[in-house]
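A.B. asks: Given chain C, work out where chains F and D should sit, using these hints.
Chains as they are written, first to last, in the numbering used here: chain C, 1 to 314; chain F, 1 to 298; chain D, 1 to 260.
Treat the hints as calculated values from the structure; they're not laboratory data. Treat the hints loosely; a few may be bogus.
Unchecked claim - Computed from the model, here is a short list of chain F residues facing chain C with C-beta under 8 Å:
{"#": "1", "residue": "Val77"}
{"#": "2", "residue": "Ile85"}
{"#": "3", "residue": "Glu99"}
{"#": "4", "residue": "Glu114"}
{"#": "5", "residue": "Val227"}
{"#": "6", "residue": "Phe234"}
{"#": "7", "residue": "Ala235"}
{"#": "8", "residue": "Glu268"}
{"#": "9", "residue": "Leu271"}
The structure presented is a predicted model; accordingly, all values stated were derived computationally and were not measured. All residues carry an ideal CB built from backbone N, CA and C; glycine is no exception.
Single-letter residue listing:
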Amino acid sequence: MRMDKTELILLAVAALLATGGWIAPQWLVFLLTMALAKAMVVQGVVMQMRAGLVTFGQGLFFCVGGYAVGMSGHFLNITDLAVLLVIGVGVAVLLAMILGLLMTRYREIFFAMLSLAFSMILYGVLVKSSALGSTDGFNVKAWTLFGWSPAAGQGPLVLFMIIVASSAVLAVLLHRYSRSNAGMMCEAIRENEVRVEYLGQSPRWVLYMNYVAAAAVSALGGGFMALSAGHIDPEMAYWITSGEFVFIALLGGTAHVAAPFIAAIVFAVVRTYAIELVPHSWQMILGFTLLAIIVFLPKGLWSLFTGNVKRAKA
Amino acid sequence: MSLFAVLIDGTIYASWLFLVAAGLTVIYGVMRILNMAHGSFYAIGAYTAASLVGWYFNNGIGPVWAGYLLMLGCALVAGLIVGLIIERGLLKFMYGRDEVLMVIITYALLLVLEDTMKMIWGVNPYFAYQPYAEMGRSALAGLKVSNYDLMLVGVSLVLGLGLYLWLERTNQGKVLRAVIHDREVAMAMGVNVKRMFTLVFVLGTILGTLAGALTAPAISVAPGIGVEIIVLAFAVVVIGGMGSIEGAAVGALLVGLSRAAAVHYAPEFELFVIYGVMALVLAVRPQGLFGRVLARKI
Amino acid sequence: MTCILETQGLCKEFGAVTAAKDVNVRINKGEVVGVIGSNGAGKTTFINMVTGYLKPSRGEILFNNQSIIGRTPRAITRSGMARSFQVAQLFAQLSVLDNLLIAVAAAESPFPALLVPMRSASRIARADAILVEFGIPQWRDTLVTAVPQGVRKLIDIAMALIGDPQMLLLDEPTSGVSAEEKTALMDTVMRVVAEHQVTVLFVEHDMDVVRRYVSRILAFYSGEVLADGAPEKVLANAQVQEFVTGGAKAHDKAQRSAVK
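Chain C with its partners taken away, still in its complex shape:
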């Protein structure tokens, strides 16, 4: 399998990041792990955006991934990390295959609202479910890997390595997907759906596959988040959480597969300091930043790197 330049760079950066983890302080490793987990969810949002759809409900799959991991540990006593993640992704894929049948009939605002609705349905169900801790959620059991249990203090670093490796593999796969026939067909659908039909393609089929794939990717992020935070709660499916993912997606832009990772890390770092310094103005900062991006950097932060800054027409 030949790798192109971008993919080699991605792998190199991942290797750098992994080595950096050995010398970085605990809090930074923890922050980066959570940021990378969120970035995976954002990748799912970006996949939809490439097809012209904005989802305000990706938190649904983020939450499903996390809760599948947590519940498997709690009720089925499964602690193997690999198995847990596979379960998380699997459940999300099944759900997406069902919901996708409905969701792919809608575009624009209706798609956004419907995705929000389904996410809130899950939120409502979880909040009222005392067996799952309702609004408090519950703790996720410590994970093992192929029988090996990390010693105290080792866990976070090992998880960091695993998530960096997973992110690298994911990045390469998504890079290929975005340049494949299917990925480019998504962009074509965004530009002109009628033409795509007239070229002999089924927009519904392409969008369906994209929707399911995006769900899988986001659920992986949810699973990793559950494992690293050690806790899950219904907030994961709340629409404001989904809004955060949309924000990070816009922050990074959809031009390059690395953008969501970078944006998520920037977001995590800024957020940590903002919450400490101005806890009651954090949302306001988010809001103004979002407006600034829309007006000045419609293609996201990535456009700063590529010099592709196009002022939005008023």
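C.D. replies: Using the frame of chain C, we list chains F and D on its own:
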């Protein structure tokens, strides 16, 4: 008896939902903007009313009826100011952009306003229960119902009818409907669409703050109430068909009654029911119950 | 002569408006057919029905002797009938090359591959080849939004042609193009189409353009086929002259009778 309780509870909840959703649907209908910040307008109305009315009654400033007037008055003023600032200061530069982008822009606005409210009113809850308590209760077929809630039902009926008649019967309303149907053609026919937009947005804002002010005496006004209700308002507006007053009314009734039924018979399903109804309606009739199907064009 | 497209008693009503009334047409393989008619005569409706975009109220459509009523545009395209549009339907934010590559990839399989790159050497070669055929290789890497109208129409047609269709329907290929450019554009299009051995049906308002290329003309008026046959015969037809091609007097008469 339980069925009657569901009916009453449902109708009261529905009228509250309609009050909140009316402004949202009007703004979308004319300007094609699904305004997420509408939740913040509601909250601003609630906070303004709660703080001013609370101060009024706690210090026994004057007669009770003046307190009600104050409540309405401050909602109007708050809505006017906020609406003008946002429309003239931000939105007018963004018209014509993609609908979903407008949603994201109003979402950014929501975030900003949420923290602005925290700055102005702090994070502790406000209580202004006096207008609610002063009205007392009535017995309705053996059930105790608050008169304030009944008044809300009345207000929403009057408001709904008023909006509907204004849109359908008056000349202004007809011009507005022309703009709803085709903005460009209306402009070409000499309609001052820009002024219309300002008018409609401010009207929508005032409807939002009014809903908040009217609700304030019945709840504890605290951060986050705007965020909570906006998703409910969306559900109502989407179910009814975006831009339709009749739709918002029917949608509110549907959601109100379903929710009341859930609360009485299966409380775990309360939130589920609201969004479940929305998903169901969208699955069967994508444009909502009273929504217009847009013609395809090639 | 084998019949490639046949419509039998095709009708379409939109409420009180009759867009098509008992349209019976037989197109044979290899023909170049011109479709003329005033605005609102039903030409685009005809194309929309035949390509599956609109469902006819009544009637039958046979493509290669198989009924295609009820089939989607996607299925009809895959069976070998492609079309271009009155307003060029392109992928605005992508380059001209990418537009064509997508058309190539789309023609390959109804289920696009997930991980294999679209921009492969063989596909790029095909796209480049058709750009050269149409005489527009210099626009290869330009974003479609920056491309002039005439070139947009050519790309629109190229995308339809690149899937190797048996039949091509062109909806006003020269619309929006200036009078001086019309002939050059049609010359290019018809030359390429002839080389690909495709049956062509095109809608056109300019009679000079029509006369240059067609072996047969279909004249529409008010949803009906007014005349169908060799160009000299159709254009000499009195009704055609009155309702389609005629001068100012015929136009006024048609207007008055339409208002009644």
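A.B. asks: None of the hints should be skipped; say for each whether it holds.
C.D. replies: Here is what the structure says about each hint:
1. Nearest Cβ of chain C to the Cβ of F:Val77: about 23 Å, over the 8 Å cut. The hint is violated.
2. For the restraint placing F:Ile85 at the interface with chain C, the shortest Cβ-Cβ distance is roughly 14 Å, beyond the 8 Å limit, so the hint is violated.
3. Taking 8 Å as the C-beta contact cut-off toward chain C, the hint placing F:Glu99 at the interface holds, the least distance being around 5 Å.
4. Hint status for F:Glu114 relative to chain C: holds, with the closest Cβ pair at about 5 Å, below 8 Å.
5. The interface hint given for F:Val227 holds, since its Cβ lies 6 Å from the closest Cβ of chain C, which is under the 8 Å cut-off.
6. Annotation: F:Phe234 was flagged as interfacial toward chain C, and the flag holds, the nearest CB pair being 6 Å apart, inside 8 Å.
7. At a threshold of 8 Å, the smallest CB-CB gap from F:Ala235 to chain C is about 7 Å, leaving the interface hint in force.
8. With a least beta-carbon distance of about 4 Å to chain C, the hint placing F:Glu268 at the interface is held under the 8 Å criterion.
9. Look at F:Leu271: its Cβ gets to within about 3 Å of chain C, closer than 8 Å, so that hint holds up.
Hint compliance for this structure: hints 1, 2 are broken, all remaining hints hold.
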